[in-house]
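Q: In order, the protein sequences belong to chains S and U. Just so you know, the first sequence maps onto residues 1 to 333 in the working numbering. Just so you know, the second sequence maps onto residues 1 to 333 in the working numbering.
Just so you know, these hints were derived from the structure itself, not from any lab. C-beta: ideal position from N, C-alpha, C; glycine also. Heads up, a few of these hints could be off.
[Said to hold, decoys possible] A short list of chain U residues far from chain S (calculated; beta carbon distances all over 10 Å):
1. LEU28
2. SER144
3. VAL165
4. LYS292
[Unchecked claim] Listed next, the in silico SDA-like pairs over lysine to any residue satisfying Cα-Cα at most 20 Å (straight line):
5. LYS292(S) to LYS292(U)
6. LYS255(S) to GLY147(S)
7. LYS292(U) to GLY235(S)
There are 2 protein chains.
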Amino acid sequence: MTAFPIYLDCDTGIDDALALAYLLASPLASVKGIGTVSGNVSAAAGARNTLDLLQLAGSADIPVACGAHDPLAGSFGGGAPWVHGSNGVGEVVLPPSDASLAAETAAEMLVRLARLYQGELRVVAIGPLTNLAEALRLEPSLPSLVGTVTVMGGAALAPGNITPVAEANIWNDPEAAALVLASGWDATLVPLDVTMASVLEEPHRQALLSSSAPVPQALGEMLGYYFRFYEGIYGRPCSAMHDPLAAALAVGAVKPAVAPVVRAAVDTSSGPGRGQTVCDMRGLYAGYPEVKGARCRVVLSLEEEFAPHLVETLLSHFERTTAAELVEAVPAG
Amino acid sequence: MTAFPIYLDCDTGIDDALALAYLLASPLASVKGIGTVSGNVSAAAGARNTLDLLQLAGSADIPVACGAHDPLAGSFGGGAPWVHGSNGVGEVVLPPSDASLAAETAAEMLVRLARLYQGELRVVAIGPLTNLAEALRLEPSLPSLVGTVTVMGGAALAPGNITPVAEANIWNDPEAAALVLASGWDATLVPLDVTMASVLEEPHRQALLSSSAPVPQALGEMLGYYFRFYEGIYGRPCSAMHDPLAAALAVGAVKPAVAPVVRAAVDTSSGPGRGQTVCDMRGLYAGYPEVKGARCRVVLSLEEEFAPHLVETLLSHFERTTAAELVEAVPAG
Numbered sequence: 001m002t003a004f005p006i007y008l009d010c011d012t013g014i015d016d017a018l019a020l021a022y023l024l025a026s027p028l029a030s031v032k033g034i035g036t037v038s039g040n041v042s043a044a045a046g047a048r049n050t051l052d053l054l055q056l057a058g059s060a061d062i063p064v065a066c067g068a069h070d071p072l073a074g075s076f077g078g079g080a081p082w083v084h085g086s087n088g089v090g091e092v093v094l095p096p097s098d099a100s101l102a103a104e105t106a107a108e109m110l111v112r113l114a115r116l117y118q119g120e121l122r123v124v125a126i127g128p129l130t131n132l133a134e135a136l137r138l139e140p141s142l143p144s145l146v147g148t149v150t151v152m153g154g155a156a157l158a159p160g161n162i163t164p165v166a167e168a169n170i171w172n173d174p175e176a177a178a179l180v181l182a183s184g185w186d187a188t189l190v191p192l193d194v195t196m197a198s199v200l201e202e203p204h205r206q207a208l209l210s211s212s213a214p215v216p217q218a219l220g221e222m223l224g225y226y227f228r229f230y231e232g233i234y235g236r237p238c239s240a241m242h243d244p245l246a247a248a249l250a251v252g253a254v255k256p257a258v259a260p261v262v263r264a265a266v267d268t269s270s271g272p273g274r275g276q277t278v279c280d281m282r283g284l285y286a287g288y289p290e291v292k293g294a295r296c297r298v299v300l301s302l303e304e305e306f307a308p309h310l311v312e313t314l315l316s317h318f319e320r321t322t323a324a325e326l327v328e329a330v331p332a333g
Numbered sequence: 001m002t003a004f005p006i007y008l009d010c011d012t013g014i015d016d017a018l019a020l021a022y023l024l025a026s027p028l029a030s031v032k033g034i035g036t037v038s039g040n041v042s043a044a045a046g047a048r049n050t051l052d053l054l055q056l057a058g059s060a061d062i063p064v065a066c067g068a069h070d071p072l073a074g075s076f077g078g079g080a081p082w083v084h085g086s087n088g089v090g091e092v093v094l095p096p097s098d099a100s101l102a103a104e105t106a107a108e109m110l111v112r113l114a115r116l117y118q119g120e121l122r123v124v125a126i127g128p129l130t131n132l133a134e135a136l137r138l139e140p141s142l143p144s145l146v147g148t149v150t151v152m153g154g155a156a157l158a159p160g161n162i163t164p165v166a167e168a169n170i171w172n173d174p175e176a177a178a179l180v181l182a183s184g185w186d187a188t189l190v191p192l193d194v195t196m197a198s199v200l201e202e203p204h205r206q207a208l209l210s211s212s213a214p215v216p217q218a219l220g221e222m223l224g225y226y227f228r229f230y231e232g233i234y235g236r237p238c239s240a241m242h243d244p245l246a247a248a249l250a251v252g253a254v255k256p257a258v259a260p261v262v263r264a265a266v267d268t269s270s271g272p273g274r275g276q277t278v279c280d281m282r283g284l285y286a287g288y289p290e291v292k293g294a295r296c297r298v299v300l301s302l303e304e305e306f307a308p309h310l311v312e313t314l315l316s317h318f319e320r321t322t323a324a325e326l327v328e329a330v331p332a333g
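Whenever a hint applies, use it, and build me the whole structure from the sequences.
A: The following block contains the structure:
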């Protein structure tokens, strides 16, 4: 089994932390670089969280580049501390990493990796799309250089989560999202339709919390904060699994059940539709017949439930890794 | 059983014809006046169709007022002959009525009837909302004068039918719809979410066609045209039941199963969201908890299937009426 080279673009963020841990744990993924962008937290804070998580996971060798602080239009709005905590990881204090940020920007890293792994790189974008838009400006042929692009974002037939129609990642930089979706690549969109239906419940969180390994433990703690926010949405302590689901779909570990390829555009007006990912779902009533010229695959449902796979992947990898480290540590001591 | 006094605002239209016939047939409805507006056809053509249908139904005494030709902004776009036929009733030639139009406009009629049946009038709006917007200008206290307002229009979580997000009635006059939804009344919206799920199938159409009464026969013929359009949407000959469903909900003959009261606004921007009825459906995940200050009831599903009730109501009324006329006709001859 060959692992896919991955560029992860994130705004770490509790569910970003889960996505990152998932990609480190998955045998299908080999993370080659991570760029951060302002979204759940600032790009700089997201980069610190990412470095700290990588060190906790024993993967401090993966380069992290700080990306765009501000969206293409306007400026960073301050993040979502009521969802992710003031530090982005649910007030959990991670051991600080002593690793440094990469000298390149996130957009530069993406372009470099796309050239290095020509046709193979899987781009997983789980924050606002500012860095991807900048990379497209740096390298207009980026669409032909990358392998696949998977974006957590938008809401096709489901309600938005910032406005009635806009989802957070797209809302935070509609101009960048419009540019990215209008580029000549076949993107997979992982919208709220499927992420809000992929719910992590309290028993899943307890399984992470009671792990012997530090990464699942920390994720379980962060999820306590996240669950409290989502209790206001679902009426019970649990949470949607936005970002890790996009990661799992990007490496093919999870298969979509319904995922029509449709035309999609982003509303960059100043009307009530601003930030909406306008997906043309009018094929619904005939089982989504093929649409000529459409390039955006919108994942609406999954073949199997996602949460058990997520928890199982995290626990089996990190408990095995930790055990191996302990074994190695004995003769060394 | 008391029948509710009804003002019907329509753009007749095949499904408008069904709604009109349904209201004439329903023991719960007493149609006091009908206004027309440009939409499926021009307001004038819709008025002719309405007069002809009323005469065929033996209800030529119901007054018909011609309403707005153009939307509040811009001008009438020419209708939807590919859906409703060039004459609006699927190329069916109805015996021409010799009745005249009312001397008042549709907006004036609505205001007059609202004052006459103070607190009792049920407004059923199944075309663009231009006349309702004009009536609100004529009589700003209209919301406190009418009983209920039921609007066929919009798409809450379903795709639009003109653009990916805009439904035809709202699309044809977004400025009027914005005004109507922002007025101080509790409106019931009957959007594509429920009308596209309320399907009339070929056996229903055959039951109308093979009726002994002229009104069901004519409706069955019109539906042949409508079915051909909808075959491109559903992949089989059948049709959505937009307007008659709004009529049945307005008189309470059909009960909603899920119908949250939410905030709703209309996108009047020039962006890709223009004409969208932006309903705030974010309460979805907690079973739509009450929203303070919300006034728009959005019907998402029904307690029972609608098509059988529609066909049964039409057949039982018009066959009975026709039979009674024939009996009366014998001694008279």
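Q: Next step is simple, just say for each hint if it's right about the structure.
A: Hint-by-hint comparison with the structure:
1. LEU28: The claim stands: LEU28(U) keeps its Cβ more than 10 Å from every Cβ of chain S (closest is about 30 Å).
2. SER144: With a cut-off of 10 Å, SER144(U) remains clear of chain S, as the shortest Cβ separation is near 27 Å.
3. VAL165: violated, 6 Å
4. LYS292: Check passes; 15 Å lies beyond 10 Å.
5. LYS292(S) to LYS292(U): violated, 44 Å
6. LYS255(S) to GLY147(S): holds, 18 Å
7. LYS292(U) to GLY235(S): holds, 18 Å
The structure fails to meet hints 3, 5 from the earlier list, while all remaining hints are met.
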